[in-house]
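Visitor: Full structure from sequences and hints, please.
Chains A and B, in that order, give the protein sequences.
With the numbering used here, letter number 257 in the first sequence gets 257, and the count goes up by one each step, no holes.
With the numbering used here, letter number 132 in the second sequence gets 132, and the count goes up by one each step, no holes.
Hints listed in this document are in silico derivations from the structure and should not be mistaken for laboratory results.
We put the CB at the ideal spot given by N, CA and C, even for glycine.
The reader is advised that the hints may include incorrect statements.
[As the list claims (entries may be wrong)] Computed footprint of chain B on chain A; a stretch qualifies when at least three of its residues, placed anywhere within it, have a C-beta under 8 Å from a C-beta of chain B:
hint, segment
1, 34 to 43
2, 53 to 61
3, 184 to 198
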Amino acid sequence: MNLRKYLKVYRKFLHTSLASELEYKTNILVDLITAILSLIGSIFLLSIFFQNNGYIGGWKFEQALIIQAIYTILNGITNTWFNPNLTEIVKHIREGTLDFVLLKPIDSQFFISLKKLNPSGFLEIMLGFLLLFFCIRINQINLNLSFLTLSSITISCSICILYSLWFFISTTTIWFVKTWNAIEVLRSFLYIGRFPLNSFSFSLRIFFSVFIPIAFITTIPSEVFLGLSVLWKILLEVIVAIVFLITSRKFWLFALKFYSSASS
Amino acid sequence: MIMISNLINRKIFTLLKVQYSNMLEYRVEIALWAISGIIPFFMLNIWTNNNLNEAINISDVLLSRYFLCAFFVRQFSVVWVVFSFEEDSLMGKVSPYLIQPLNPFFRYFAQHLAEQITRFPFALIIAFLFFIFNPKSIWIPDLSILLLSIVSTFLSFLIQFLIQSIVACLCFWTEKASSIERLLFIPTLFLSGLLAPVVSFPPYVKSWIYLTPFPYLIDFPANLLSGNETNISRGLSMQILWIFLLFPLFKKIWSEGTKKYTAMGS
Numbered sequence: 001m002n003l004r005k006y007l008k009v010y011r012k013f014l015h016t017s018l019a020s021e022l023e024y025k026t027n028i029l030v031d032l033i034t035a036i037l038s039l040i041g042s043i044f045l046l047s048i049f050f051q052n053n054g055y056i057g058g059w060k061f062e063q064a065l066i067i068q069a070i071y072t073i074l075n076g077i078t079n080t081w082f083n084p085n086l087t088e089i090v091k092h093i094r095e096g097t098l099d100f101v102l103l104k105p106i107d108s109q110f111f112i113s114l115k116k117l118n119p120s121g122f123l124e125i126m127l128g129f130l131l132l133f134f135c136i137r138i139n140q141i142n143l144n145l146s147f148l149t150l151s152s153i154t155i156s157c158s159i160c161i162l163y164s165l166w167f168f169i170s171t172t173t174i175w176f177v178k179t180w181n182a183i184e185v186l187r188s189f190l191y192i193g194r195f196p197l198n199s200f201s202f203s204l205r206i207f208f209s210v211f212i213p214i215a216f217i218t219t220i221p222s223e224v225f226l227g228l229s230v231l232w233k234i235l236l237e238v239i240v241a242i243v244f245l246i247t248s249r250k251f252w253l254f255a256l257k258f259y260s261s262a263s264s
Numbered sequence: 001m002i003m004i005s006n007l008i009n010r011k012i013f014t015l016l017k018v019q020y021s022n023m024l025e026y027r028v029e030i031a032l033w034a035i036s037g038i039i040p041f042f043m044l045n046i047w048t049n050n051n052l053n054e055a056i057n058i059s060d061v062l063l064s065r066y067f068l069c070a071f072f073v074r075q076f077s078v079v080w081v082v083f084s085f086e087e088d089s090l091m092g093k094v095s096p097y098l099i100q101p102l103n104p105f106f107r108y109f110a111q112h113l114a115e116q117i118t119r120f121p122f123a124l125i126i127a128f129l130f131f132i133f134n135p136k137s138i139w140i141p142d143l144s145i146l147l148l149s150i151v152s153t154f155l156s157f158l159i160q161f162l163i164q165s166i167v168a169c170l171c172f173w174t175e176k177a178s179s180i181e182r183l184l185f186i187p188t189l190f191l192s193g194l195l196a197p198v199v200s201f202p203p204y205v206k207s208w209i210y211l212t213p214f215p216y217l218i219d220f221p222a223n224l225l226s227g228n229e230t231n232i233s234r235g236l237s238m239q240i241l242w243i244f245l246l247f248p249l250f251k252k253i254w255s256e257g258t259k260k261y262t263a264m265g266s
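Guide: Written out as structure tokens, the structure reads:
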């Protein structure tokens with residue numbers, strides 16, 4: 001692994017995909033409006049839930065907004081990197097162009113996960129951060145060093161888990177060829193990351209922390225923001241993130257053994 | 001006259017048969033599609049688990065029926081014509097369709113209907129599982145109500161199909177019409193009643209929402225089928241009104257667009 005080489009290659013990826021995406025300028029504007037409307041919509045939905053209740057699952061409205069902010073940031077990251085790249089795997093496998101990726105003298109997972117970039121997701125990330133700063137003000141959170149490190153650790157773990165989930169499903173394409181719809185299922189499950197985990201019934205809570213660890217993705221970082229988090233939860237998230245990353249890597253290498261290109 | 005209608009019938013029937021066998025090939029995908037529509041059940045879980053429904057005077061049972069019906073209505077009114085049309089027009093596949101003496105949107109229409117037929121058993125399985133976990137909410141709707149709600153679900157599907165077809169025709173002018181569709185999907189998602197029944201909306205939204213097409217897409221058919229309170233005559237007439245408003249618009253934009261269309265390479 002030569003880090004400098006990979007950085008250099010990544011800079012080229014950035015350059016080419018930005019150049020090709022900026023051709024569709026109105027598209028980016030439309031995507032920005034979509035992101036704003038979608039945030040307004042989910043705050044509207046949240047306000048309906050809080051219309052007659054002060055608390056949902058033990059969370060106040062201002063606190064639940066933090067979850068929305070983190071969800072928006074993560075969704076922006078998904079739209080910028082995961083979605084454009086990992087849906088590309090399906091295309092690579094259907095058309096047999098994965099061969100060209102495998103032949104390159106570069107790690108195939110790196111190439112496949114970072115080749116493309118959708119700049120309109122940046123706007124969503126920025127929107128999420130704006131909401132997050134607003135939440136920090138209205139919840140009167142003190143920014144100090146330990147808080148910043150803990151929150152950045154948990155958020156990066158969330159990103160790792162999210163990436164691994166996407167990569168897992170995209171990898172199964174090698175066997176099933178068409179997995180658009182499996183990605184759609186993942187998306188709809190991820191949707192519940194917009195709400196505090198405690199607002200669901202016990203059985204769903206178990207399901208979303210054991211089978212699909214969506215609970216970890218938004219709830220734990222938000223708890224860190226509110227200073228409610230306990231150390232073992234953060235440690236657990238770190239462990240889950242590492243396990244997910246390693247298994248997704250192993251799974252990719254395992255799946256590649258079953259890849260027979262389009263005409264052989 | 002009879003011959004013409006026979007011909008049209010035969011065309012539609014053949015198209016449906018072809019598309020149905022086409023769809024049967026992708027059973028697993030359609031099953032996954034059905035699963036990806038289960039968000040209403042998560043929402044139901046939030047509502048009942050936090051006793052939010054007490055404030056809007058809907059019992060647990062009626063609310064769970066509402067969300068089950070919302071799931072069903074959504075299953076049978078999903079439209080993706082803009083994505084198919086965008087792909088076809090980018091690939092230049094629209095040109096041969098235009099030569100045929102049949103509007104290509106009939107083809108997409110048949111595709112959607114065939115997919116709904118394929119989807120039906122999976123939706124039933126999900127409903128069955130729902131009743132196992134939630135036996136209190138089992139009910140049998142009146143035959144007349146059932147028929148009416150099937151009609152209104154179909155009308156809701158027609159409205160969404162027309163809206164998306166209009167957006168799809170924008171492909172003649174811009175290459176990526178699907179991003180406009182994604183934009184339109186946001187108000188549909190939040191205002192149609194898929195995530196929360198329209199009754200629960202705050203008054204400042206309720207005052208104007210019934211003039212838009214959104215509550216008639218999911219909220220109205222779902223209320224009808226689940227036996228919740230709703231204004232049947234207003235709902236159906238608004239649905240028909242929107243179809244009458246959208247159809248000429250579609251015809252106009254289609255004829256303008258085909259004039260504008262230049263195939264790849266010509």
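Visitor: Would you say the segment 53 to 61 of chain A counts as covered by chain B, given the rule of at least 3 residues with C-beta under 8 Å?
Guide: holds (count 3)
Visitor: Closer than 8 Å Cβ to Cβ for three or more residues is the test here. Does the segment 34 to 43 of chain A pass it with chain B?
Guide: holds (count 5)
Visitor: Cut-off 8 Å, C-beta pairs, minimum 3 residues; does the coverage of the segment 184 to 198 of chain A by chain B stand?
Guide: holds (count 7)
Violated hints for the displayed structure: none, as all numbered hints are satisfied.
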